[in-house]
Amino acid sequence: MTETPLIQLVGVTKTYHLESGDFTALKDVSLDIPENDFVAIMGPSGSGKSTMMNQLGLLDIPTSGTLCISGKDVSRMSNLERTHMRRDLIGYIFQKFYLIPLLSAYENVEYPLILKYKKRDTSGKAAELLARVGIDAGMSSHRPTQLSGGQQQRVAIARALVNDPKILLCDEPTGNLDRKTGLQIMDILCTLHNEGRTVILVTHDPKIAEYATRTIRLDDGQIVEES
Amino acid sequence: MKFGDIFFDLSMRSVRLNFTRSMLAAIGIVIGVVAISSMGMLGTNMQLEVKEQLSSSANTIVITPDSVRMGAPGTAPSSSSNSAVTKTQLTKITSVVGQNGTVIPIYTTSSQFTINSLPGRGMVYGLDPADIPEFLTLNNTYGQGTTNLGVNEVLVGSAIASNFGVTVGDRIKIGSVTASSRPQLRIAGILNPRGTVADGVSTDNAIVVNSKWYTNQYGGKDEYNQVNIIVKDTDNIPDIESAVDAKINTNAKSPAIRIRDAESLLATTTSTLGTVTTFIMAIGGISLVVAAVSIFNVMMMSVNERIQEIGILLSIGTERGEVRRMFLYEAFILGLLGATIGGICSLLIGYSVVDSMIGTTQYFFMFDSIVYVPLGMAIGIVVCIISGVYPAWKASNMDPIDALRSE
Ligand SMILES: Nc1ncnc2c1ncn2[C@@H]1O[C@H](COP(=O)(O)OP(=O)(O)OP(=O)(O)O)[C@@H](O)[C@H]1O
Ligand SMILES: [Mg+2]
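The listed protein sequences derive, respectively, from chains A and B. Residues -15 to 211 (the numbering used here) are what the first sequence spells out, left to right. Residues 250 to 656 (the numbering used here) are what the second sequence spells out, left to right.
Be aware that a few hints might be false.
Lysine-lysine pairs mimicking DSBU-like chemistry, simulated, CA-CA at most 35 Å apart [to be verified]:
hint, chain 1, residue 1, chain 2, residue 2
1, B, Lys643, A, Lys103
2, B, Lys341, B, Lys470
3, B, Lys643, A, Lys150
4, B, Lys496, B, Lys300
5, B, Lys341, B, Lys300
6, A, Lys56, B, Lys643
7, B, Lys643, A, Lys11
8, B, Lys643, A, Lys100
9, B, Lys422, B, Lys461
10, A, Lys103, A, Lys150
11, B, Lys336, B, Lys502
12, A, Lys102, A, Lys150
13, B, Lys643, A, Lys102
14, B, Lys496, B, Lys470
15, B, Lys341, B, Lys496
16, A, Lys109, B, Lys643
17, A, Lys191, A, Lys11
18, A, Lys80, B, Lys643
Hint data in this document are derived by calculation from the structure and do not stem from the laboratory.
Make the full structure from the sequences, and use the hints.
This is the structure in structure tokens:
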């Protein structure tokens, strides 16, 4: 099948312009990620994993090379188009959870729905997803600071899923959790992959990387190994 | 603003989280709103009050000698300026007015006086007793009086009567305390209060004497300080004024008399009051500038404290415009808070200021006056929103990655 992959990187380079000189965090990275892939990205600290995730998550655009998502060249899209694609197509899960502190757990999950439909959620989808990741109704009125790390990450996953994204970007989602909680989170991600979502996961932990169908190793901004 | 807008909720929570700080910043707005609206109301109430009082003498034309005058440029000031309306001029005026009104010549000076050994000072008006009932009325609660003054009789104004505890029949000595001989006169009546009037005869703190006694005492017979014309039909005022002007002010470059009426006086008074009001409101406006700075500060604090939150919002698909809106709401909430408190304070403070400075609040709730409350509030809110523009713009233009990294 010669279908274009969901995500395609061709010669992607990212250079940061610093006062001390230019620093190239990604060097000529080319990679295809088809739909329903489960990719683990590994590599030493500072190798450019987060930088790559930021490109995939449209938080940033490559300095050179092309990144196509769903067949669209992201550097040719307007800022607003990228914002909408991020909102509708991509779920981003962070190491530090990054829940909105002023909103309750429920409101955090409801938030992307409000962004998309410009009104409060009446479908019950937010509550449904919270239940699915194991947050009970009593806890959903809590503010993020009143939740444990594992609970916060569950809420963050529910938030990432609420707009039915095709792509889930997970930057060290278990990095701030103990092993047991981390494995529970991985179980959820596996289920999501089995449902047909494309999962891209950054991790330092080889045990966690085993969940993925393939692993990419980055070093010094370059892909050094694919398996 | 949509009800239940999540961005409004977020702003609301942010304000509530930093309630003390927000309230302190809003104080500036409160002060600005109070200054603008209470000053605006005070000015308007003054204007309405003056208008009301002047309208009571709307039927009077006031003629005064044009004594304050500049010479033509390059020449010495005219030395022939009049300090009085002369008998010839009076005769001309009387003939011009004819049956259309009553001409009342008036002598005025200011003098010290003594009643019941208490000293005082006030205006002295010399009038022909026959002219007095034309425009002055007696208050007979102090005793039955008469306007038909004998040579040694006077009428006193309402303020003097109440301040000195006068009754009809009391004696008054006119002249300075040190004068060797001070004539003593009998008080033949007490005048009703007149307030501020456009006809130049403010009797509340004055003594009205017989013109015969006046010229005996002060001299200057037939040299009147002022001539009033009480017209029968106010529509004739412009015609009479121009006829008098044509007859007496024959030299256009150096007019002999000045002609005024309530309307022209009202116009100048209103414009003066308007200028003063605008000036005071502008000072209130300066306090709003100070308020704007403090709102700006608080908004910048809010943005800087929430950088990571802004990063989160942007990274999960919030439009930049939505982030901007969130911070503008915050500025709006601060403004609304300040303006609401300011509005309530303006009503309370404005009411008591108007009551104490003007003595009446009968105009307070009229549209022209009360409109300054919503106006001041609106200005306060707009100032807040403007102060929030830059912080909101700054928040919405952050780089999401940088913002997320900040702790
Ligand atoms: N905004 C930035 N400006 C300048 N340099 C940056 C920026 N972001 C990343 N870098 C640099 O790029 C390199 C790659 O950073 P990146 O965050 O992608 O590493 P990483 O592989 O995710 O590391 P870690 O495992 O520690 O998270 C680092 O050397 C970092 O200093
Ligand atoms: Mg990283």
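Keeping to a limit of 35 Å between CA atoms, is the pair of A:Lys102 and A:Lys150 held or broken? holds (21 Å)
Are the Cα positions of A:Lys103 and A:Lys150 separated by 35 Å at most? Judged against 35 Å, a Cα distance of about 23 Å means the pair holds.
Check the hint pairing B:Lys336 with B:Lys502 against an upper bound of 35 Å on the C-alpha distance. With Cα atoms ~22 Å apart, B:Lys336 and B:Lys502 stay inside 35 Å; holds.
Holds or violated: are the alpha carbons of B:Lys341 and B:Lys300 at most 35 Å from each other? holds (31 Å)
Do the alpha carbons of A:Lys191 and A:Lys11 lie within 35 Å of each other, as the hint requires? holds (27 Å)
Is A:Lys109 within 35 Å of B:Lys643, Cα to Cα? holds (34 Å)
Measure nothing beyond the straight line between the CA atoms of B:Lys422 and B:Lys461; if it is 35 Å or shorter, mark the hint as holding. With Cα atoms ~17 Å apart, B:Lys422 and B:Lys461 stay inside 35 Å; holds.
For the pair supplied as a hint, B:Lys341 and B:Lys470, is the alpha-carbon distance within the 35 Å limit? At roughly 17 Å apart (the allowed maximum being 35 Å), B:Lys470 and B:Lys341 satisfy the hint.
Starting from A:Lys80, check that the Cα of B:Lys643 is at most 35 Å away, please. holds (24 Å)
Restraint status (C-alpha distance of B:Lys496 to B:Lys470 at most 35 Å): holds (23 Å)
Checking one constraint from the list: CA of B:Lys643 to CA of A:Lys150, max 35 Å. Satisfied? Holds, because 32 Å separates the two Cα atoms, which is no more than 35 Å.
Straight-line Cα separation of B:Lys643 and A:Lys103 no greater than 35 Å? holds (26 Å)
In summary, the structure agrees with every hint in the numbered list given earlier.
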